[in-house]
Amino acid sequence: MTISGRFVLLLALGVVPIVVAGALAGAASGAPTPAAVAAAGGQAAWLALLAWAALCAGLGAIDLSLAGSPRRVALQRELPPRVRLGEAVESHLIVQNLGGRALRAVVRDGWQPSAGVVGPNRSPLRIPTGERRRATLVLVPRRRGDRRVGQVTIRSAGPLGLWSRQATLAAPGVLRVLPPFASRVHLPSRLTRLRELDGRTPILIRGQGTEFDSIREYVRGDDVRSIDWRATARRTDPDAPGGTRLMVRTWRPERDRRIVIVTDTSRTAAARIADEPRLDTAFEASLLLSALASHAGDRVDWLAWDRRVRGRVHGANGAELLAKLVDVMSTIDPELIEADWAAVPAQVRRLTSRRALVVLLTGVDSPANAAGLLAMLPQLTSRHFVIVASVADPDAVAASGGTDDLDQVYRAAAAERGLLDGARVEAAIRRLGAETVSAPPQELPPALADRYLALKAAGRL
Amino acid sequence: MNGTNAPAPPAELPAPETPATARDADPRQATSITPTLRGGLRRARTWIAIGAVAILGAVALLVLQGGIRGGGPPLGADNPAPAGAKAVVEVLRAQGVEVDEVSAFDDARSAARGGATVVVADVAGFLDPERLGELADTAERLVVIAPDFASLDALAEGVRLAGTASGALDGAACELPAAERAGTLSDGQGLLRIDDGARAAGWQGCFPDGEFGFALAEGPGDGGRITIVAAPTAFANETIDEAGNAALALGILGETGALAWYVPGIEDVDAATAPTLGELTPGWVTPVILLLIVLVVVAAVWRGRRFGPLVAEDLVVDVPVAETREGRARLYERSAVRTHALDQLRIGALGRLLGILKLPRSADVREIAHAAALATGRDPYATERLLVDEEPADDRRLVELAAAIHELEAEVRRTLRPDADPTQSTERPGRPS
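Taken in order, these protein sequences are the chains called Z and R. FYI, the numbering for the first sequence is 1 to 461, going by UniProt numbering. FYI, the numbering for the second sequence is 1 to 433, going by UniProt numbering.
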């Protein structure tokens, strides 16, 4: 049961009858002294107070007994299963009145705060007996993952709107919020470069390790270095007897290479750099690289790992790959445990037995934290081509330049120490035969994509 | 996701005549999380039972102990509390004295006119001194227990309050028979001082405490004898059985056959003065104030009633990465490791200079310093001191050196790569060839 502002107002209006009754009774009593007048007025005022309170309570009770039952309703949800973070989505709740009285209800849908209900979460509904009405909310989720709703609270007012009945009903629902993939703005330019590599644009690129595709006749503009003289000698010109036609070799980039992306979800991934957790940056980079690689014809496997497999996408291709990736990623949050790097080679082996490009998305902060990673790396680099991609902190670079006062100097020294530690770890990683990519959060996904393209162009996969 | 417990197919949507028949078990009805009133009571019945038993037990205990009766005023004739005077009154009654409990001034005065001894036990000081004087004029015998300053002034001009006694009092030292019979008084007595004028008027004191005063004063009033006892100790239930207290109390009070025990109440205050502000305010003010209080409570319920239970939000782990850096900086600062802090800056700068000056990786720090000096035209030894040797003596020097290192690095960069963007990372991959 609840009371409304209208009831409070009604009760407040009781001041008028109390004052009037008190004043009238005092004047009518005709008592000789002012004290006696006040006493006579007081009695009448007390009576008026009691009467008014009784009136209000009685009206409220009648109102309450006439209110429709908030329990006797059927609830149904209409909700899209997925939404990308940052996009708005409409959530519909269909309330059917099963009771015998019309329902004058206010409905609150119990979404989690991070589901981001736009506007007040109070939908006024008037539902006649047996009919149903729709309450619509606009949600702009604020976090990725499963945003849940478990309950619906209905407040049913009586005809006077004084007292209401209230009940909370179970009506579970889930909205999966996918990672935003904001780095997809970098995809078109990288795809253009990929097409250049692929030979689909009229530029012939002769890469060192790219695969031989075919031999065709020379046309003006082809690189003279790609003329295949042996094939030219075999090819006689039908138009000019005795003459030959120039033949060129065409190349295309390697295809069907394996790429394994291992995303570290341990405590290093929880660090927030430039207002974005490392894990989210890692997801962005994974998505951009996956999109690019699947366009290039390579096969991408994705693994989220700390001490156990937090998520895995294996054997998907094309559009299905990205859909699966965002779906798996959406519910993964970093955990405050240390990553078990020693088990990573086995996990990679389970995904592919062939030589692959293994991308480790983690943080390289200090030699102490990276000990596990460094100990494991030789096992991976002996079989695979390894890139360790990490998010650099742009604030550290900025802080290392501060020399204005003592405070800043110490801060600069601490930042410089951190950068040196990071550089040491990166140098160690390179010594172990892996490559490193380190960039601020916004730049890491394109930087990783560029490194992939460079490797592809050089045929090093 | 369509997450209802009983999704209703739209075909069987409007059910015109169902309400009466399918009242309780409609399969489409959503399950309620809020318990019904009956369900709530059933769930809480253990606690309700425990609460009821506790309240009943407390009530029973109070009734058994008699504590449910209010204590009444101090020295009240029917007050069994330690500060009451029921004991002495009951004993007097048993001895045949007719004790009349009086609470109104008019009753006390009429009893005084009837020849009864009047006891004024006004510990709280309700009685107006003038009225006490009036009572003294009419009463043949008046006993005043624990009077305040103004009352004493109205009764006996030369008798003053003189603090409390230092301990038990031995020896009445006066000719009052009751006092002589009592002999001693317990600890906790008050004292009265009787000046020469009062002595001349016939006042005498009993139970002296050295030179400080007397516990009891007796003298002539306008109407009859007046006995003043400075403290209620001799009459209170708690202390009446100590020393000669009881003998004194019974002796003073039991001289006549009738006794009026007058305990003034709140209605004796200021009866003759003009009407107060409270009496002049209109009668409706108090009800309106009560209404406003109720209104505040109701409004609080209106605003405070929650629209359904709170929804839990699972929060993610979040570690600001700058924390480590800040912590390390504060650690440097607190332990004032100036040389160590400066060395960090030097190592960083030397590493970058190595790249800018394109020296071999094997170059040692002095070579780098000399190369930097050469590039900028600075004094090579000063540069070497700056980059390697000097230890900052104080904080000011540390800041100066840090700024100088920064400046040197920027200058070398400017000199060797005038158009280079200093923020550009050497790590960035180039475009594929």
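Some clues are possibly wrong.
Said to hold, decoys possible - Which stretches of chain R does chain Z cover? Using the computed rule of at least three CB atoms under 8 Å from a CB of chain Z, they are:
#1 45-53
#2 134-145
#3 163-173
To be verified - If you want the footprint, here are the derived chain R segments under chain Z, 3+ residues with CB under 8 Å:
#4 358-368
#5 383-392
What the hints assert, rightly or not - Beta-carbon label-pair distances, calculated as ranges:
#6 R:S110 <-> Z:V20: 26 to 36 Å
#7 Z:G86 <-> R:A382: 50 to 60 Å
#8 Z:I337 <-> R:A44: 35 to 45 Å
#9 Z:R126 <-> R:T36: 18 to 28 Å
#10 Z:A54 <-> R:T36: 22 to 32 Å
Bear in mind the hints are in silico, worked out from the structure with no lab data behind them. Keep in mind that this is a model prediction, so the values were computed, not measured. Ideal Cβ placement from N, Cα and C applies to all residues, glycine included.
Consistency of beta-carbon spacing, R:A44 to Z:I337, with hint 35 to 45 Å: holds, 42 Å
Chain Z over the segment 134-145 of chain R, status - at least 3 residues with CB closer than 8 Å: Violated, because only 0 residues of the segment 134-145 of chain R bring their Cβ atoms closer than 8 Å to Cβ atoms of chain Z.
Whether chain Z covers the segment 45-53 of chain R (at least 3 residues having a Cβ closer than 8 Å to its Cβ atoms): With 0 residues in contact (Cβ-Cβ under 8 Å with chain Z), the coverage given for the segment 45-53 of chain R is violated.
Consistency of beta-carbon spacing, Z:V20 to R:S110, with hint 26 to 36 Å: At 45 Å between Cβs, range violated.
Z:G86 paired with R:A382, Cβ distance criterion 50 to 60 Å: holds, 56 Å
Coverage of the segment 163-173 of chain R by chain Z, judged on three or more residues with CB within 8 Å: violated (count 0)
Coverage of the segment 358-368 of chain R by chain Z (three or more Cβ within 8 Å): violated (count 0)
Coverage of the segment 383-392 of chain R by chain Z, judged on three or more residues with CB within 8 Å: violated (count 0)
22 to 32 Å as the expected CB spacing between R:T36 and Z:A54, which holds or is violated: Cβ of Z:A54 to Cβ of R:T36: about 27 Å, so the range 22 to 32 Å holds.
Assessment of proposed distance window 18 to 28 Å (beta carbons of Z:R126, R:T36): Cβ of Z:R126 to Cβ of R:T36: about 24 Å, so the range 18 to 28 Å holds.
The structure shown violates the earlier hints numbered 1, 2, 3, 4, 5 and 6.
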